[in-house]
Amino acid sequence: MSAGVELDHITVRFGDFTAVDNATLDIKGGEFFSFLGPSGCGKTTILRTVSGFLEPSEGRVRIGGQDMAGIGPNKRPTALIFQNLALFPLMSVAENISYGLRVRGAGKAERRRKADELLDLIALPGQGDKLVSELSGGQKQRVAIARALAVEPKVLLLDEPLSALDLKLRQHMRAELRAIQQKVGITFIYITHDQGEALTMSDRIAVMSDGVIQQVGDGKAVYDQPQTAFVASFVGENNPFPGTITRAENGYAVIETAFGPLRGRNPQGLAAGSRGILFVRPESLQLGQGSADATLSSTVTNVAFEGHMTHVYLNGQAKKEIIVTVGRLGGAAIPAPHTTTPISYDAELGLILPEGMLARE
Amino acid sequence: MSSRAIVFIIPVIVIAIFWLMARREARRNPDPTRKSFFERNGKALGIVFIALVAFWTLFLVALPYLYMVVESFHPALPPTKRGGPDDVLTVAQYSSFVINPIGDQVNWLHMKALVFSILVSMAVTFLNFCICYPLAFYMAQAGTAQKVRLLMLGLIVPYWVNEILRAFSLRLLLASKGLINQALMGIGITDAPIDFLGNNTGLYVGLSYAYLLVMMFPLYNAIESLDKNQIEAARDLGAPWWRIHWDVVIPYAKPGIASGCTMVFMLSVGSLAAPQFLGGPRVLWFTAIIYDFFFQSFNWPRGAAYAFIMLVVCIALVMGMLRLFKVSLGEAIK
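Sequences listed follow chains A and B, in order.
Here the first sequence is numbered in UniProt numbering, starting from 1 and rising by one per residue.
Here the second sequence is numbered in UniProt numbering, starting from 1 and rising by one per residue.
Hints are computed from structural coordinates only; laboratory data are not their basis.
Heads up, a few of these hints could be off.
Each computed DSSO-like pair below joins lysine-lysine, with the alpha-carbon atoms no more than 27 Å apart [claimed, not checked]: (1) B:326 - A:130; (2) B:254 - A:140; (3) B:254 - A:130; (4) A:108 - B:254; (5) B:326 - A:75; (6) B:147 - B:228; (7) A:108 - B:326; (8) A:140 - B:228; (9) A:130 - B:147; (10) A:140 - A:183; (11) B:147 - A:154; (12) A:108 - A:140; (13) A:154 - A:140.
The shape of chain A in the complex, shown without the other chains:
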């Protein structure tokens, strides 16, 4: 059983500070939905508003079509997985998992049965009598998921639950979370600042910055068709070239940058004379000469060999570096540092967006 979550013009203020500004969203039942943004962007506030720990200053939260105003977190059909997991240290694993059933008055046998069933789901069969302190980080993680699933919520809320794990385990848990979500079929709302997590797991992603939802879409849309400069620079690596648009025609535009006139797609139809930023991703750039309005040249500052690819860093605009990612089959010889080299791109892969705030590095 899953339920959709509707955010209807949600604004949350703490004194003078607006943590979430007029957020409207429709999360479908059974969807794996992520909020992605840097810390302090308001994503955790949204999660706490959905779970009921916070009441929005304005707007309504509806879960399964039902208005949640005035309904406390213990009465909502949601379950929250905390960033630090917040497992009960004095209870055994099984007691932790079945705690939600215990407060609902379920009998001992039923609690035990449900705990065993969930221990199987999270691949920890027969470990119910262990103490939480005897588990590893990844196992604690799974127990926290089981504890939340035990109350059969319609919506599971996850607040950066993987951030405490090491990289290998984190990548493994991504797949596992996704598998669990597909098995139980309920709505997952996932909070993260890690774009890798959001891109690999989610059906759809909302990118947030400064309390405002910047863009909602699936991973591919957010990566390939960013709508704001923030999204373009926050999701994945990107090279920004700010400048003034000199010509706009047929969905393309030419922008006058510090590296001369450069061409790119102009999906938002920016007119000549307006300020804009051309974004070209590192993997879209290549070493060597290309067509005249899609080539620039700069000095190589550093070369970083990473095995399956090589990053070439060049002097960019305003002290920022241009990154070019060269694959193994790229073929071109890697230039030495301090030499000046031309780099080019396919104008199809350059994207011109209106000037706006970039994500902080």
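Please build the complex by placing chain B on the supplied structure of chain A, with the hints as guidance.
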């Protein structure tokens, strides 16, 4: 050699045994990198350290109590007969608690006093827990920093007032013609004054207030270190507020609760001023009996024996309670 002299030798013997054990241990597992105590601290400083610690443990801790133990096994004699043929070891002082030597009757009066003191102290302990737990929880988890500071100040500052002054001001408040009775009669709730002091309300109020902070701080410390997310997690899983306290907060704070309860109980049983000034006319507190043996009838041995009876009974009770609630002594005195 008299038994009193032996007492002074006991600590020396104990220290000697420990020293010998340490030497033997060092010889058995020699550690060439280890420096001796004097090598580490220098001779002068080393001697100062040892002298200070020895003074502290021998003269301030061990000897006074040991002396009292020995005293309690002697008859009460005038100074001229001390050390004479009548000064023998005896358990008469202890048995006098059960059978009164005057009249050879069962000493109900004193036994009742001990039981009464213990029961009232238990009630006071429970009362203090009921008052302090919500306050401590509010201060530790719910309150804003500024309010908590104000509350803390309000709790601590009254304790700068001397204990006797505090007891008497409570008396003023609770007396037959005191503020509370006048107010009650003024608004017509009662016609005649309520005898708060006679019905022991004063005793409970005085004792509870006297040891409020002793309960407050262990509770506050224990609850303060509880992760707020634990409370939210329980709430999110559907627990009503009382279950959150019962399942999450109280088990977590159990060592603090045990520590606070033990301290309040022990101090309350041993208190002197509050029962004397705020208790009803028929209240006989056990410490008052001990006080009288020491200062009225100059019967130090019997006073000492009674004090040790009280101590042993109370320790046994506390240990029993700790075991009942599955708290280790180590946790409770942390």
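- If you check each hint against the structure, which ones fail? 5, 9, 11
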